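S.K.: If you want the building blocks of each chain, they are given just below.
2 protein chains.
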Amino acid sequence: MSDTRDLFHLPEGIVYLDGNSLGPLPKAASSRIARTVEAEWGERLINGWNEAGWMDQPARLGNRIGRLIGAAPGTVVVGETLTIRIFQCLAAALQLRPDRRVVLSDTGNFPSDLYAAQGLLEALGRGYQLKTVASDAVEDALGPDVAVLMLTEVDYRTGARHDMAHLTRAAQDAGAVVIWDLAHSTGAVPVDLTTCNAEFAAGCTYKYLNAGPGAPAFLYARADISELVQPALAGWLGHAAPFDFTPEFIPAGGATRFRVGTPPVLQMAALDAALDAFEGQDLELLHARACALAERLAEGFLSACPELERLTPSEPAARGSQISFSHPKGYAMVQALIAQGVIGDFRAPDILRFGIAPLYVTEADVDAAITAFGRVIAGQLWDDPAYATHKPVT
Amino acid sequence: MSDTRDLFHLPEGIVYLDGNSLGPLPKAASSRIARTVEAEWGERLINGWNEAGWMDQPARLGNRIGRLIGAAPGTVVVGETLTIRIFQCLAAALQLRPDRRVVLSDTGNFPSDLYAAQGLLEALGRGYQLKTVASDAVEDALGPDVAVLMLTEVDYRTGARHDMAHLTRAAQDAGAVVIWDLAHSTGAVPVDLTTCNAEFAAGCTYKYLNAGPGAPAFLYARADISELVQPALAGWLGHAAPFDFTPEFIPAGGATRFRVGTPPVLQMAALDAALDAFEGQDLELLHARACALAERLAEGFLSACPELERLTPSEPAARGSQISFSHPKGYAMVQALIAQGVIGDFRAPDILRFGIAPLYVTEADVDAAITAFGRVIAGQLWDDPAYATHKPVT
Chain H
112 MSDTRDLFHL PEGIVYLDGN SLGPLPKAAS SRIARTVEAE WGERLINGWN
162 EAGWMDQPAR LGNRIGRLIG AAPGTVVVGE TLTIRIFQCL AAALQLRPDR
212 RVVLSDTGNF PSDLYAAQGL LEALGRGYQL KTVASDAVED ALGPDVAVLM
262 LTEVDYRTGA RHDMAHLTRA AQDAGAVVIW DLAHSTGAVP VDLTTCNAEF
312 AAGCTYKYLN AGPGAPAFLY ARADISELVQ PALAGWLGHA APFDFTPEFI
362 PAGGATRFRV GTPPVLQMAA LDAALDAFEG QDLELLHARA CALAERLAEG
412 FLSACPELER LTPSEPAARG SQISFSHPKG YAMVQALIAQ GVIGDFRAPD
462 ILRFGIAPLY VTEADVDAAI TAFGRVIAGQ LWDDPAYATH KPVT
Chain B
112 MSDTRDLFHL PEGIVYLDGN SLGPLPKAAS SRIARTVEAE WGERLINGWN
162 EAGWMDQPAR LGNRIGRLIG AAPGTVVVGE TLTIRIFQCL AAALQLRPDR
212 RVVLSDTGNF PSDLYAAQGL LEALGRGYQL KTVASDAVED ALGPDVAVLM
262 LTEVDYRTGA RHDMAHLTRA AQDAGAVVIW DLAHSTGAVP VDLTTCNAEF
312 AAGCTYKYLN AGPGAPAFLY ARADISELVQ PALAGWLGHA APFDFTPEFI
362 PAGGATRFRV GTPPVLQMAA LDAALDAFEG QDLELLHARA CALAERLAEG
412 FLSACPELER LTPSEPAARG SQISFSHPKG YAMVQALIAQ GVIGDFRAPD
462 ILRFGIAPLY VTEADVDAAI TAFGRVIAGQ LWDDPAYATH KPVT
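Going line by line, the protein sequences match chains H and B. The first sequence lines up with residues 112 to 505 when you count with my numbering. The second sequence lines up with residues 112 to 505 when you count with my numbering.
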């Protein structure tokens, strides 16, 4: 494990268990960004677009991410933000089922995905509606009115993981188009979009891919699907010939049509460097290691505080890479742990959440977290007036 | 002039007249980006969102840009890309005129703005249509069917500038809502959105603001307008309380509701540093200086090659900060100039375009460009087979 841990800058005295929110700085990213700023932007100026490969970043990095999620070359593009990508997927998916009006999701979906759907459906009018059900009730809610099933594979709060292949098949059998949000999956669990056969997927790169704050998102469109839909967010870099500057939008082939604006070149450089850490990694093995570490942490935490309610399933196939608990004092406990140098996070209303990213989280980290949590519980360190009010963190 | 020129990294031996496409690297940006990467992301990790002010970047930098375009505090947010921002403005503007169905623009608008409109209107259906007219026919095309007038203030090809205040008033008198794209205006010409009274505006920051390749865009919504519209691109950072994670989208107050996804923190750092160069600058004076330099260049170029057709008006109020010409051999001429170290750009079908950004372009630059152009013409250096085919640049 220390071989990949060494690829990351991890501050002294910190146990970092929040890579599910923002991954740490890959050492290679610092120099890659500096090179992009100074040698590319600084020296090549406008010519960087062609000479330094900026224009190709969305496709080239899309293919690199594609290898981590079982997506064929040309089916993934990088850029924009995740909420934008979800909006694009949904707007495209609805075109494939013009006679249906329901978008089905679950209450465990990340709220911004639901907001994107609400914004789109309200703009469209025409009787479209978003229906959310409990995460274990999704399959039963599929029916002839459901145009699109839109889910996040791994629940951001509990870490529970849907069975992507099974739900995709069930939804498609019921005539629906399927969109997966892979925010908490990419780089954390094995994903195989080709086998799964979902029409669309999207994800972000600042969590387990460690591409930095505000890193770009990606969109996947199954190879046979792209050409059937018109992008609702039509932008010049999704045009078949952007530099012809024709007044009419003519969509490019494949997933390229889902490009919109100019790629964020500096963030792309960070992503490129961050992806190096995944070269040669086996996601099955990484996830198995994460699960073992998470079980170790759970055992230690529950032993120190049996009142914690464990939220994350133990079966590897049923979980992501985080371990979550709930407790009425969850917010204060997380703050007290942070004061001890163990960085996890809190999600309303009462969830303690710890990301286990095995590229850099080690057994020693987990043991240090258990020791610190033991101190927090034994010394009632959470009972500090400074921790009385929940202060938002990302 | 040399006082501000010294704020930028300009490669030796280059005359850079393409800042209307991508501004050069502000020296302060290198260290600012490095600090954000290493001291903020590297050391503070997730806490950067609060401790390093990342979460406030979209509003704080929005206010900084606001000062350059006469926008009140709280009316400008930064993030996403320009095409996304145009889409958002248009989706919001249409809500204000539910009984009208025409979006009016001109054929000089940047194609991606038209694509954004096409994508949105096609998704909405309901008889919406985009109508484009010649740039001098806009006022006459206003009528009771026009919901929205959507224009770019400065034409990206010719550099001709609309009279924003006049057209805004005319459109509003005709009952339309007005959106201005300030891509070629911001940091180049004096803009006063408050006096102009347009409902919406958007712009990018990688041109005259010099914030780097893929720098984020901004959106302006007049203070009294934001609360009347529901964002079509509803995202968690536009929510009134993003960290409550409510399943229903509740829009934040003011322009904040037009935030969508996580801000691109590294690009934001570059923008922050780039804006420093505008502190204490008077846009009236800057633009006057640009016009004088452009006239000097035009005189020299036309003297060397009287067959050039000048496209940019000479009256300062009627023009942006570039100077454009057309010539059947325009593409080859621009390539030959680049080979001489003078970087301008070409826009299809036959336009030679030179950006005059007086923060760093000097009389000596212009004179060097004139000398180089003289060599190109006198030596027929454009007549090189390598320049026969138009190769796209951004």
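Calculated directly from the structure, the hints in this document are not laboratory data. Honestly, I wouldn't trust all of these hints.
Remember, identical chains collapse to one label, so a pair may be satisfied in a single copy or spanning two.
Each computed DMTMM-like pair below joins lysine to aspartate or glutamate, with the alpha-carbon atoms no more than 20 Å apart [unchecked claim]:
{"no.": "1", "residue 1": "K138", "residue 2": "E149"}
{"no.": "2", "residue 1": "K440", "residue 2": "D274"}
{"no.": "3", "residue 1": "K242", "residue 2": "D495"}
{"no.": "4", "residue 1": "K440", "residue 2": "D114"}
{"no.": "5", "residue 1": "K138", "residue 2": "D210"}
{"no.": "6", "residue 1": "K242", "residue 2": "D494"}
{"no.": "7", "residue 1": "K138", "residue 2": "E154"}
{"no.": "8", "residue 1": "K138", "residue 2": "D117"}
{"no.": "9", "residue 1": "K138", "residue 2": "E426"}
{"no.": "10", "residue 1": "K138", "residue 2": "E420"}
{"no.": "11", "residue 1": "K242", "residue 2": "D478"}
{"no.": "12", "residue 1": "K242", "residue 2": "D284"}
{"no.": "13", "residue 1": "K242", "residue 2": "E359"}
{"no.": "14", "residue 1": "K138", "residue 2": "D251"}
{"no.": "15", "residue 1": "K440", "residue 2": "D335"}
{"no.": "16", "residue 1": "K440", "residue 2": "D284"}
{"no.": "17", "residue 1": "K440", "residue 2": "D494"}
{"no.": "18", "residue 1": "K440", "residue 2": "E359"}
{"no.": "19", "residue 1": "K242", "residue 2": "D167"}
{"no.": "20", "residue 1": "K242", "residue 2": "E474"}
{"no.": "21", "residue 1": "K440", "residue 2": "E418"}
{"no.": "22", "residue 1": "K440", "residue 2": "D117"}
{"no.": "23", "residue 1": "K440", "residue 2": "D355"}
{"no.": "24", "residue 1": "K138", "residue 2": "E406"}
Bear in mind that the values here come from a model prediction, so they are computed numbers and not experimental data.
S.K.: Going through the earlier hints one by one, which of them does the structure break, listed in rising order?
M.R.: 2, 3, 4, 5, 6, 9, 10, 11, 14, 15, 16, 18, 19, 20, 22 and 24
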